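Undergrad: 445 is the number that this note's numbering gives to position 49 of the first sequence; each next residue is one higher, with no gaps.
Hints may contain errors.
[Unchecked claim] The calculated lysine to any residue pairs, modelled on SDA-like cross-linking and capped at a C-alpha distance of 25 Å, are:
{"#": "1", "residue 1": "K496", "residue 2": "E482"}
{"#": "2", "residue 1": "K466", "residue 2": "H493"}
{"#": "3", "residue 1": "K427", "residue 2": "F498"}
[Said to hold, decoys possible] Just the calculated beta-carbon pair ranges, DEER-fashion:
{"#": "4", "residue 1": "E477", "residue 2": "N443", "range": "18 to 26 Å"}
{"#": "5", "residue 1": "E504", "residue 2": "K433", "range": "30 to 38 Å"}
{"#": "6", "residue 1": "S402", "residue 2": "L492", "range": "30 to 38 Å"}
Hints in this document: simulated from the structure, not taken from any laboratory.
No experiment lies behind these values; they were computed from the predicted model shown.
Cβ coordinates follow ideal geometry from the N, Cα and C atoms, glycine included.
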Amino acid sequence: MKNDASFFDLVYDVVRLIPSGRVSSYGAIAKYLGTAKSARMVGWAMNAARALPDVPAHRVVNRVGLLSGKNHFAHPKRMQELLEQEGVEIKEDRVLHFTKIFWDPEKELSL
DNA sequence: CCATTGACTTAAG
DNA sequence: CCTTAAGCCAATG
397 MKNDASFFDL VYDVVRLIPS GRVSSYGAIA KYLGTAKSAR MVGWAMNAAR
447 ALPDVPAHRV VNRVGLLSGK NHFAHPKRMQ ELLEQEGVEI KEDRVLHFTK
497 IFWDPEKELS L
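Construct the entire structure; sequences and hints are all you get.
TA: So this is what it looks like as structure tokens:
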């Protein structure tokens with residue numbers, strides 16, 4: 397059996413766990429995976445995640461709640477719309493109440 | 001193999 | 001939270 401637990405697969409696994417109406421950050425996910433300094437790699441993984449329907453990449457934003465990845469979606473507005481559909485308020489491409497709806501895998505999963 | 005790039009983060013101002 | 005600078009690591013050319 398080949399456990400091809402690639403970095404990407406691990407990222408997908410965490411991102412899939414993000415509940416609706418919540419958002420997480422690349423750094424938080426990276427840290428959870430043990431590669432805290434490779435937050436960029438999480439973004440890179442997300443780039444590949446576009447092909448995967450199970451990976452809600454729109455719930456992953458940067459550390460200040462900025463929709464840094466919106467430009468990589470089908471349409472730049474897509475990410476904001478998806479988040480708003482889940483009850484996340486967006487203003488100027490930024491998540492409102494970011495600290496409140498922020499979902500940290502290290503905290504939420506280790507409780 | 002070396003250079004560039006990127007959906008980031010942190011530190012300092 | 002804004003800007004500038006530097007660090008980080010994998011993929012891509």
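Undergrad: Please flag the earlier hints that this structure goes against, numbers listed from lowest up.
TA: Per hint list: single violation, 5.
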